[in-house]
Amino acid sequence: MAFFVARRLLYLVPVLIAVSLLTFSIASLLPGDLAYTILGDQATPENVAALRADMGLDQPIWWRYLSWLGNVMQGDFGRSFRTGQTVLQAVSERLPVSIELMLLAQLGALAIGVPLAIVCAARNGSPFDRFMTGSAFGMLSVPTFLSAILLIYLFAVELRWLPATGYVPFGEDPVANLRFMVLPALTLALAEWPGIMRVLRSDMIATLQEDYIALAKAKGLTPARILFVHALKPSSLTLVTITGINIGRLIGGAVIVETVFALPGIGRLLIGAILTRDLIILQGVVLLVGAGFVLMNFIVDLLYAVLDPRIRHGHA
Amino acid sequence: MKAAIRSSALARIFLVAGFGVALSAMPAHAQKPGGSITVGLELDIPGFDPLKVGVYDTAALTASSALFDTLTYLDASGKPQPKLALSWSHSEDFKTWTFKLRPGVKFHDGTPFNAEAYKANFDRQKDPANKCRCAFYIAAVKDVQAPDELTLVFNLNDPSVNFPAITISYANQNGAVHSPAAWKAKGDDYNRNPVGTGPYVLKSWTAGDRIILEKNPDYWDKDKVYFDRITLKPLPDAQSRFASLQSGEADIIWDDEADADSIQRAEKDPKLKVHTYAGSGAVVAAFNTKVAPLDDVRVRQALVMALDRKKMSQALTNGLARPASNPYGDGSWVKCKDDGALPEDVEKAKALIKDYGKPVEFKMLVTATPRGRATGQVLQQLWKRAGANMEIEQVDQATIPPRAFMRQFQVTPWRIVDSADPDTQMYANFKSGSPVALANYSNPELDKLLEHARTTADTAQRIEDYCAISRLINKEAIWYWTFQNTYYAISSTKVKGLPKMYSGVIDVSRAWKE
Numbered sequence: 000m001a002f003f004v005a006r007r008l009l010y011l012v013p014v015l016i017a018v019s020l021l022t023f024s025i026a027s028l029l030p031g032d033l034a035y036t037i038l039g040d041q042a043t044p045e046n047v048a049a050l051r052a053d054m055g056l057d058q059p060i061w062w063r064y065l066s067w068l069g070n071v072m073q074g075d076f077g078r079s080f081r082t083g084q085t086v087l088q089a090v091s092e093r094l095p096v097s098i099e100l101m102l103l104a105q106l107g108a109l110a111i112g113v114p115l116a117i118v119c120a121a122r123n124g125s126p127f128d129r130f131m132t133g134s135a136f137g138m139l140s141v142p143t144f145l146s147a148i149l150l151i152y153l154f155a156v157e158l159r160w161l162p163a164t165g166y167v168p169f170g171e172d173p174v175a176n177l178r179f180m181v182l183p184a185l186t187l188a189l190a191e192w193p194g195i196m197r198v199l200r201s202d203m204i205a206t207l208q209e210d211y212i213a214l215a216k217a218k219g220l221t222p223a224r225i226l227f228v229h230a231l232k233p234s235s236l237t238l239v240t241i242t243g244i245n246i247g248r249l250i251g252g253a254v255i256v257e258t259v260f261a262l263p264g265i266g267r268l269l270i271g272a273i274l275t276r277d278l279i280i281l282q283g284v285v286l287l288v289g290a291g292f293v294l295m296n297f298i299v300d301l302l303y304a305v306l307d308p309r310i311r312h313g314h315a
Numbered sequence: 000m001k002a003a004i005r006s007s008a009l010a011r012i013f014l015v016a017g018f019g020v021a022l023s024a025m026p027a028h029a030q031k032p033g034g035s036i037t038v039g040l041e042l043d044i045p046g047f048d049p050l051k052v053g054v055y056d057t058a059a060l061t062a063s064s065a066l067f068d069t070l071t072y073l074d075a076s077g078k079p080q081p082k083l084a085l086s087w088s089h090s091e092d093f094k095t096w097t098f099k100l101r102p103g104v105k106f107h108d109g110t111p112f113n114a115e116a117y118k119a120n121f122d123r124q125k126d127p128a129n130k131c132r133c134a135f136y137i138a139a140v141k142d143v144q145a146p147d148e149l150t151l152v153f154n155l156n157d158p159s160v161n162f163p164a165i166t167i168s169y170a171n172q173n174g175a176v177h178s179p180a181a182w183k184a185k186g187d188d189y190n191r192n193p194v195g196t197g198p199y200v201l202k203s204w205t206a207g208d209r210i211i212l213e214k215n216p217d218y219w220d221k222d223k224v225y226f227d228r229i230t231l232k233p234l235p236d237a238q239s240r241f242a243s244l245q246s247g248e249a250d251i252i253w254d255d256e257a258d259a260d261s262i263q264r265a266e267k268d269p270k271l272k273v274h275t276y277a278g279s280g281a282v283v284a285a286f287n288t289k290v291a292p293l294d295d296v297r298v299r300q301a302l303v304m305a306l307d308r309k310k311m312s313q314a315l316t317n318g319l320a321r322p323a324s325n326p327y328g329d330g331s332w333v334k335c336k337d338d339g340a341l342p343e344d345v346e347k348a349k350a351l352i353k354d355y356g357k358p359v360e361f362k363m364l365v366t367a368t369p370r371g372r373a374t375g376q377v378l379q380q381l382w383k384r385a386g387a388n389m390e391i392e393q394v395d396q397a398t399i400p401p402r403a404f405m406r407q408f409q410v411t412p413w414r415i416v417d418s419a420d421p422d423t424q425m426y427a428n429f430k431s432g433s434p435v436a437l438a439n440y441s442n443p444e445l446d447k448l449l450e451h452a453r454t455t456a457d458t459a460q461r462i463e464d465y466c467a468i469s470r471l472i473n474k475e476a477i478w479y480w481t482f483q484n485t486y487y488a489i490s491s492t493k494v495k496g497l498p499k500m501y502s503g504v505i506d507v508s509r510a511w512k513e
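The listed protein sequences derive, respectively, from chains A and B.
Residue numbers for the first sequence follow numbering that gives the first Met the number 0, so the first one is 0 and each next one is one higher.
Residue numbers for the second sequence follow numbering that gives the first Met the number 0, so the first one is 0 and each next one is one higher.
Hints in this document: simulated from the structure, not taken from any laboratory.
No residue lacks a Cβ here, since even glycine has one placed at the ideal position from N, Cα and C.
Among these hints, one or two may not hold up.
Said to hold, decoys possible - Stretch-level coverage of chain A by chain B, calculated; a stretch enters the list once three of its residues show a Cβ under 8 Å from a Cβ in chain B:
#: 1; segment: 83-93
#: 2; segment: 160-166
#: 3; segment: 280-293
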């Protein structure tokens, strides 16, 4: 197992280098010069030249990349030119919000998707199954910005059950915090559950045709025991992969959801950095998010090994 | 010339005498102290240290007008009134302005506000070593002196007849007065721990979420401050911002013409009130008069005549935007009987282009935003009808100023912002040789009028000068104006006492709820 983990960790190095290279080049190749952005209405040619020299923007791009990477290695991701905040400060302020949102969304999606998948697999081909697979397909096609606004109008403006926008830290008032989180998490969960449901359903259907399930039936085990104990675990490998990949989709969705619901998370930080051309924050945050995503998938790989012993012995 | 010193008592008499009508027109409301207000803003506030943020945006200005005081403020008629300064006088050439300060005012940290503290603010912004973007806006002030505790002297590079109404009259990056002791003690952290003398004190700040301000119990004017607490929330999405107002989580929200839909819905909602401020200035564009075909006045006139501002307003803002025929707007005290606006007449435009005889083809810069693109496309259609071919060049917002300064454009969008006095911007935009005189146009008569307008104290004479300037610019068609500046806020009908939204600032520091 230790060897397996070490080998997987080694794979991370080139991936992270690629992430940093991509992040840096995207930020550098964006149209518009950082010096112009900072100087705004005072961007006379002399001021621009002076500031570019000051910030090292007159150096070749590979040199700028290497010195940025060198600083990053020492934990210095740079500072926002607008607020003077370091990237790490800004991210650590915002991260708890996004993590909570993603966890709640993921839990919500699993809570909707898994039971539905099990029921549909058990009654494969029934009208209920066909109705649910159909509506899952429909839900998959609803963009988050639309469902977000619809949920706000229904639950906040019309029914007044939940707040439309805003945030309270969990530590300050857990109940209020959850009230603010319900709609954003639900918005994301609504986009995620169909994928979970469809994948788990088809895996379950395949598992249910295995010989050992027939054996379990022959032994007279209850259908519930067969489904939850014998069929669920072997069917959930793809589900784990989907959950890992979903983290990436959730980060993307969070950018929209956090903006619509005015949650102070990483997504809002990114949008703000893009709108104000705060490239230092932008490339720092993208790098950290990218690294986080890679690490999450690394953990998913490890989970595989736990779920299926064949993988950790290298047979799969 | 006799210095015109206004004491606060005199100012009050003036206020009562001059604006009795305005006051009595306001329905009498019981202004009961207490309660709180939540304001929905568009953007995250980056901070308040001018050295860090450079320029305050409209969101920061809402907060700063509660946290900070300024030397003067503008009353409902746009005249400067005493705030931290009690009275002021000027030298004969309008290049030296002396302010007498309010005694006994303290910053939130307990340190005294005095002339020395103001000078420290100014010097810090002006110091070239600090490289503050904010220095640009006080470039006209040579230095500030503090001869005694309560006397402040501004020495200006150029004459300014209406100095107390500009820069120091609202809590922008230069006008807000910070506590020198606080920024020295807090260093990098000062940006998000601002300390002023204003009616509200910063209580807490959750990054990206909310700023909570609490009433300053020691405020010098505390009888006119009603709310115990102000909560400022950035709500970046226009639709959910409006939904937050409808559901009661926000009492008042910032809005603009791009969100015409919500504004028009709010106008029909009996529980909501739309606050509108018709500001001065306009949304404008400049022609580069040194480059063909725009070097020919016939072509420029034709392009201006081909504009159909009503149609543009309909297409871009559902008809909300108000057409502009001069650079001053309805919000300005400059009112012209004749501003020399060219007629909107496609036939005349066609004739002028035909007269020019060569094909009219040029490029226009537009911002690469949905609004920018839409504006470009509408103009393209309008000009096509007159026989001119405009090609849209989409650029990043930040690219427009440098391209404009280097004159690398044929037509560029620009803006004349709301201001209590037209001088600063008109002089910068049209005086020969100024870096912002984008049209590359030089005319001794125009220069003479601009010079005269800024050194004349008599308002009637200045209005005449500025109208003559408008006629000249309109005739030469070196710039054109599309829409006037209009600023919007939407609140529940319970919110009262909102002052005019000068420069688009929603100042709730002296508002109350019914």
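Here's how the hints hold up against the structure:
1. 83-93: Answer holds; 4 residues pass the 8 Å Cβ test.
2. 160-166: Since 5 is at least three, the answer is holds.
3. 280-293: violated (count 0)
Of the numbered hints given earlier, the model fails hint 3 alone.
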